[in-house]
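S.K.: Spelled out, the chains give:
Protein chains: 2
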Amino acid sequence: AVFRSWDNPRANVYRRDNDIPYSWGTAVNVQAMVFGNMGEDCGTGVAFTRDPATGEKKLMGEFLTNAQGEDVVAGVRTPMPIAEMADKFPAAYKQFIEVCATLEDHYHDMQDIEFTVENEKLYILQTRNGKRTAQAALQIAVDLVAEGRKTEQEAILMIDPRNLDTLLHPQFDVKAIKAATPLGRGLGASPGAACGQAVFTAEDANAWNEAGKKVILVRLETSPEDITGMKAAQGILTVRGGMTSHAAVVARGMGKCCVSGCGDIAMDEENKKFTLGGKTFVEGDFISIDGSTGYIYDGIIPTVDAEISGNFGTIMGWTDKYRRLKVRTNADTPSDALKARELGAEGIGLCRTEHMFFEAERIAAFREMIFADSVEDREAALEKILPHQQGDFEKLYEALEGNPVCIRFLDPPLHEFVPTEEADIAHLAKVQGKSVEEIKALIASLHEFNPMMGHRGCRLAVTYPEIAAMQTKAVIRAAINIQKAHPDWNIVPEIMIPLVGEVKELKYVKKVVVETADAEIAAASVNLKYKVGTMIEIPRACLTADEIAANADFFSFGTNDLTQMGFGLSRDDAAKFLDAYYDAKIYEFDPFARLDQKGVGKLMKMAIELGKPANKDIHMGICGEHGGDPSSVEFCHELGLDYVSCSPFRVPIARLAAAQAAIKG
Amino acid sequence: AVFRSWDNPRANVYRRDNDIPYSWGTAVNVQAMVFGNMGEDCGTGVAFTRDPATGEKKLMGEFLTNAQGEDVVAGVRTPMPIAEMADKFPAAYKQFIEVCATLEDHYHDMQDIEFTVENEKLYILQTRNGKRTAQAALQIAVDLVAEGRKTEQEAILMIDPRNLDTLLHPQFDVKAIKAATPLGRGLGASPGAACGQAVFTAEDANAWNEAGKKVILVRLETSPEDITGMKAAQGILTVRGGMTSHAAVVARGMGKCCVSGCGDIAMDEENKKFTLGGKTFVEGDFISIDGSTGYIYDGIIPTVDAEISGNFGTIMGWTDKYRRLKVRTNADTPSDALKARELGAEGIGLCRTEHMFFEAERIAAFREMIFADSVEDREAALEKILPHQQGDFEKLYEALEGNPVCIRFLDPPLHEFVPTEEADIAHLAKVQGKSVEEIKALIASLHEFNPMMGHRGCRLAVTYPEIAAMQTKAVIRAAINIQKAHPDWNIVPEIMIPLVGEVKELKYVKKVVVETADAEIAAASVNLKYKVGTMIEIPRACLTADEIAANADFFSFGTNDLTQMGFGLSRDDAAKFLDAYYDAKIYEFDPFARLDQKGVGKLMKMAIELGKPANKDIHMGICGEHGGDPSSVEFCHELGLDYVSCSPFRVPIARLAAAQAAIKG
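Order-wise, the sequence lines are chains D and X.
Each residue of the first sequence is one higher than the one before, starting from 155 at the first, in our numbering.
Each residue of the second sequence is one higher than the one before, starting from 155 at the first, in our numbering.
Incorrect hints may appear among the rest.
Put simply, identical chains are the same to the list, so a pair is met inside one copy or across any two.
To be verified - Listed next, the in silico DSSO-like pairs over lysine-lysine satisfying Cα-Cα at most 30 Å (straight line):
(1) K661 - K756
(2) K683 - K385
(3) K685 - K739
(4) K661 - K759
(5) K594 - K759
These are calculated hints, taken from the structure and not from any lab test.
Use the sequences and the hints to build the structure in full.
M.R.: What follows is the structure in structure tokens.
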């Protein structure tokens with residue numbers, strides 16, 4: 155039975171979820187059988203030495219007389235609380251209490267013990283460190299330190315960083331979720347639980363939300379235009395896309411529940427309905443989604459809010475004592491930044507400036523910029539965006555109170571910003587003084603076969619240096635203003651040039667940045683230092699990192715793209731075949747969620763080994779999604795990076811993982 | 155003047171065309187002036203010691219009395235043939251003849267000499283190795299060896315491999331082309347000259363061709379569905395796409411003239427017209443294109459056919475003596491393969507099986523396969539394709555007469571094979587017993603954001619192992635049949651698994667291949683050896699090449715994709731910004747045309763250094779487009795590869811470049 159269950163699909167999913175390699179074997183212990191079902195002086199039970207739900211220090215468990223283990227587990231008979239065993243088998247109970255203490259003493263951890271009483275004699279069948287909720291894990295860790303059974307370092311190592319997620323997000327009511335059967339499963343892309351009425355457009359999400367309704371936004375995939383709708387929803391469900399698709403990344407940034415890439419959904423966006431698990435859902439139907447497990451449920455499942463105890467703060471305080479890696483956050487808005495700082499972020503590792511362009515007033519100017527006929531027209535349009543962008547940066551600098559803010563210059567291909575609705579196109583044509591056909595032809599000319607490897611990143615700044623100049627002005631002016639307002643802060647703007655693959659690209663764009671920045675600083679007659687660095691997200695950047703490092707103040711590893719290019723694997727398309735890869739045991743984990751140390755990690759190592767000798771002062775961090783994944787954080791510690799940066803709600807996970815890595819040493 | 159012209163845009167284009175780095179400087183010689191315009195006892199002229207057009211050994215040149223150099227070049231006065239100088243300045247002429255012999259003797263090459271006569275005294279202003287046509291280059295090289303002035307090796311080094319192209323393809327009539335002004339310029343994607351009437355669809359190209367008309371196929375971009383139309387056309391002109399776009403690659407394979415990526419064309423495919431250089435062309439209008447220079451001309455420019463002299467064979471014979479690298483070809487059809495063998499190919503390095511699926515009968519079965527609901531249905535559809543594919547392979551083995559044939563298994567994403575026309579969709583729906591809406595939904599579900607990094611290559615074989623099984627059967631059965639028919643040949647099929655990035659992918663697909671192949675061989679009771687290897691085209695494959703090599707009989711570097719992934723640069727989208735990159739001197743050459751040794755080459759080097767120790771018997775080659783580029787061939791020689799593989803018409807170039815690399819040592 156053990157060997158048969160060893161390799162079943164459920165076991166493999168469990169392994170993947172828990173970072174257990176397929177190659178590990180199993181052992182089987184063969185023991186003499188004892189019988190709990192030989193009469194009324196027999197029995198069997200299971201007990202935890204502390205409460206696995208809350209961590210409270212008291213024996214918890216269940217017990218049945220004249221029964222075997224299956225009877226307790228199967229729920230056919232209702233077991234009695236463990237305390238009643240004191241009446242039935244006083245001697246065995248007394249001995250059991252002693253054994254519990256001995257075992258806890260030995261393992262220095264809460265034990266999950268199975269036992270049988272045969273003719274009043276106690277037999278211990280098995281003990282193991284008990285599974286526990288995140289809340290209990292913190293309580294037990296803090297108590298064990300207080301009891302002198304664990305050091306702070308040992309206590310830190312006890313906690314699985316991935317469990318912290320559940321402390322920070324709403325969860326389904328435990329009983330309700332046990333009773334529910336999922337309709338289907340996507341990827342648990344952003345943790346938490348959500349329940350609401352299905353809507354199919356960002357506009358509807360906004361409208362229903364304003365009308366006081368809770369909604370789940372269901373989309374084939376999300377695009378930057380959906381952001382306000384995503385904010386308005388309780389959760390997001392997408393048919394396409396992986397763990398680092400647009401929906402997943404943005405939702406994690408917002409701390410919003412998201413299930414992505416549920417390919418089993420037959421979607422009919424036009425008619426606002428979809429089919430899953432044999433049931434068709436129309437607008438307004440209730441669904442519930444779990445962004446941790448990826449399960450999708452029919453109807454209403456009640457959720458309970460997150461509750462952060464004092465233990466959380468205690469343990470986070472310990473992690474800060476022991477970790478070497480700094481932890482920054484990926485945040486584009488002051489509210490995200492504030493949330494992240496609350497959770498312990500020591501700076502912004504990645505501010506994506508493009509998200510700022512989608513608000514109504516700005517998108518118009520941005521589109522004017524895209525469709526400008528000349529450099530002058532483009533500069534005129536950029537001039538309209540400049541004050542907005544400067545204002546955004548000022549608010550970020552305010553929120554960070556002098557902590558570092560690393561601002562990435564415009565990255566996505568321009569076609570992400572063009573209108574798709576007929577009305578918007580007609581409006582744009584009017585503004586631009588062009589015909590609708592001309593605008594459509596221009597939009598078509600922006601089409602790309604492989605946008606991920608197209609006209610984006612620093613390639614935009616090479617073709618349109620005026621964009622980089624505008625963004626530099628916004629950064630430097632904002633920094634000057636906030637530095638003036640807070641002379642005690644030390645603001646050193648970090649400007650990050652994305653998608654560099656050849657040092658001459660960096661030099662070219664850096665020249666624009668430095669000339670613009672120096673002119674701004676001179677005009678303001680202030681003394682402001684700033685840094686210009688680059689994302690390392692193209693394999694060739696790793697291969698030529700010596701040349702690049704000599705021209706960069708910092709490297710920030712963009713491991714999302716580095717994974718895409720390194721594997722030749724589009725994260726938005728991978729969901730279609732990843733399951734086949736898991737089934738065939740080709741991949742043991744999603745390389746977008748957990749860093750592939752063997753391949754992508756080797757590129758990073760190469761970049762560090764080439765880069766550091768070329769520039770001894772270079773500062774290195776990671777701003778890909780991997781910055782919030784515990785095993786990847788450990789790897790970054792080993793690589794000798796200076797910091798990791800992750801979405802706000804993952805900051806505690808990164809702090810804990812960084813401390814664990816330092817303690818493991 | 156020298157310094158001013160040094161950095162002008164024309165100079166930079168010249169450098170890029172001739173592989174001269176921007177970083178090289180220029181020197182200026184300052185000399186005393188002599189005057190050829192001080193009277194009738196003065197003059198000036200230019201002469202070649204051999205005919206630069208044919209290579210014939212006789213003095214060629216022009217001469218003017220009482221004139222300066224500009225007068226000869228500018229064409230204001232008509233110069234006299236050099237021979238007449240014998241009458242005007244007998245002493246100077248005699249001396250000049252002697253100087254010519256001395257200079258040729260010294261440089262061991264044909265000289266281009268500028269001279270002035272001042273008061274009857276001869277001054278030599280400048281001498282240099284003269285520019286020459288490809289035909290002349292061969293003639294001079296062969297003559298110099300016959301004269302004992304050069305060794306065969308030295309003669310080989312004299313010839314620029316890139317010039318051989320002009321020997322193998324039709325060219326414009328020299329006088330006509332001098333008189334013509336180009337309307338615009340795209341990329342010279344496949345050499346040769348072509349003239350014909352513009353058509354806008356593959357169907358029209360076929361129909362007009364059958365009606366006896368010569369046509370140029372003008373497309374936004376080509377797709378695999380256009381192949382028969384491309385064959386029927388004299389040349390292909392595309393608006394989008396780079397040097398390794400579909401049109402470029404296929405045209406080069408066919409030896410067909412192609413100008414790609416002419417972004418200046420305003421295309422209106424629907425109405426079958428386009429505008430370029432201020433002129434609108436409709437269906438049937440004559441245009442002329444030059445696939446070597448990329449120029450596009452209005453109207454009819456006569457072409458002259460290629461003429462291959464005996465010198466070509468002589469020199470190719472020499473190259474085979476000295477080169478170490480084998481030269482194979484990329485060919486999918488027997489006619490391409492025969493052409494390549496004629497030009498010296500020693501095997502097929504890359505047979506792309508997908509091109510075989512587009513013929514009418516097969517595409518239907520292939521689409522059935524794509525839209526099959528079950529493995530059984532898919533297998534039934536594949537069963538229909540099997541005999542066709544087997545027949546194709548048999549013809550290839552016949553054409554190769556026992557030389558190696560490396561067959562790559564299905565590579566492109568499936569959406570490349572789905573119908574786009576309403577009628578075809580309706581037909582498919584009928585065949586599949588589905589509604590048009592269902593078929594459309596299925597087609598939509600195949601859409602990918604970044605198809606280059608999507609569900610393709612070995613990923614198809616992982617999700618649909620039955621495709622790999624069918625292709626294995628076709629290869630093995632074909633090999634068995636042809637081996638039986640020709641017992642003196644030694645047929646060893648080479649099966650190539652594309653897009654491997656992780657050894658477990660290769661192992662998984664290889665298991666299907668080996669099991670199928672062994673079963674076929676056992677069933678036929680024959681003794682057939684075969685090899686299973688992989689394309690190395692994903693950066694991660696290079697990074698983990700030790701693991702992969704231990705499971706592969708050969709590596710074939712797919713440097714097109716390796717360049718795309720290494721640079722994070724989509725070849726189909728790069729044309730939009732490459733010009734800006736050249737102008738800013740960020741790129742010195744198109745990395746898809748010429749291998750980037752610093753980055754992509756480093757990945758190759760890593761793969762070789764990791765792979766060879768892991769498998770001492772491993773065979774390594776290159777099958778990317780770079781296999782036909784001289785500087786890349788030299789690099790492959792240095793890397794220690796066993797062979798290069800290139801499109802048929804580039805085989806002579808590769809042979810020459812391989813010999814040059816070996817001679818340079």
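S.K.: Just pull the numbers of the violated hints for me, sorted ascending.
M.R.: 2, 5
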